[in-house]
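*Asks:* In terms of our numbering, the sequence shown opens at residue 1 and continues consecutively.
Keep in mind that a hint or two might mislead.
[Stated by the list, open to error] Keeping only pairs whose Cα atoms sit at most 30 Å apart, straight-line, the calculated DSSO-like set for lysine-lysine is: (1) Lys-187 - Lys-48; (2) Lys-92 - Lys-31; (3) Lys-187 - Lys-65; (4) Lys-92 - Lys-48; (5) Lys-99 - Lys-187; (6) Lys-31 - Lys-65; (7) Lys-31 - Lys-108.
Quick caveat, the hints were computed from the structure, so don't treat them as lab data.
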Amino acid sequence: QSGGHGQYGHVWLELEPGEPGSGFQFIERIKGNAIPRNFVPAIESGIKEAMANGVSAGYPLVDVKASVVDGSYHEVDSSELAFKIAASMALKEGAARAKPVLLEPIMKLEVATPEQFVGDVISDLNARRARIESIESHGELSIIHALIPLAETFGYATGLRSQSQGRATHSLEFYRYEELPAELATKVIEQSGTGKHA
Numbered sequence: 001q002s003g004g005h006g007q008y009g010h011v012w013l014e015l016e017p018g019e020p021g022s023g024f025q026f027i028e029r030i031k032g033n034a035i036p037r038n039f040v041p042a043i044e045s046g047i048k049e050a051m052a053n054g055v056s057a058g059y060p061l062v063d064v065k066a067s068v069v070d071g072s073y074h075e076v077d078s079s080e081l082a083f084k085i086a087a088s089m090a091l092k093e094g095a096a097r098a099k100p101v102l103l104e105p106i107m108k109l110e111v112a113t114p115e116q117f118v119g120d121v122i123s124d125l126n127a128r129r130a131r132i133e134s135i136e137s138h139g140e141l142s143i144i145h146a147l148i149p150l151a152e153t154f155g156y157a158t159g160l161r162s163q164s165q166g167r168a169t170h171s172l173e174f175y176r177y178e179e180l181p182a183e184l185a186t187k188v189i190e191q192s193g194t195g196k197h198a
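Input sequences plus hints: build the corresponding full structure.
*Replies:* So this is what it looks like as structure tokens:
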């Protein structure tokens, strides 16, 4: 990508999805003197900035492995800014071609409830897109372990109190990010007003 009129920066990126939770990985694999090494930090900065701004509905990109493999420069017109802009443009173009998916935070949920309310609690969890992992019995108390999208936990404490006559408790902790189901992703993108599809 070119950095614009009067600025020249050309970078060739290879983008790969990283393992979930791996974060951003930047690899410099430029052969020869295609791009002077002093421009490499600006390239990395441009990629990070574009990832933070995202390509789908304005949400940041995560778990990306970006390798700068080639490019070119001009003795007079090249600058750090030109390479930063070029890298940002290349990341956005490449990521859009890769058809990124929207991710949502998934929480580990533990519910302790008297046995007589287990059915109602599980029914509610299923309606909230939760996945029941296990149910343990401890006397008259049942402990339900589940994974639930964070978006589905809003209002959960109030609902749980109603279902259990105030006798159930719960705890939540972050687990990982998972792909948002396609029908929900479409809704999120439409509501964002960007018109960009994942």
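*Asks:* Could you run down the list of hints and mark each one as holding or not?
*Replies:* Hint check results:
{"no.": "1", "hint": "Lys-187 - Lys-48", "result": "27 Å, holds"}
{"no.": "2", "hint": "Lys-92 - Lys-31", "result": "23 Å, holds"}
{"no.": "3", "hint": "Lys-187 - Lys-65", "result": "28 Å, holds"}
{"no.": "4", "hint": "Lys-92 - Lys-48", "result": "11 Å, holds"}
{"no.": "5", "hint": "Lys-99 - Lys-187", "result": "17 Å, holds"}
{"no.": "6", "hint": "Lys-31 - Lys-65", "result": "18 Å, holds"}
{"no.": "7", "hint": "Lys-31 - Lys-108", "result": "46 Å, violated"}
Of the hints listed earlier, the one the structure fails to meet is number 7.
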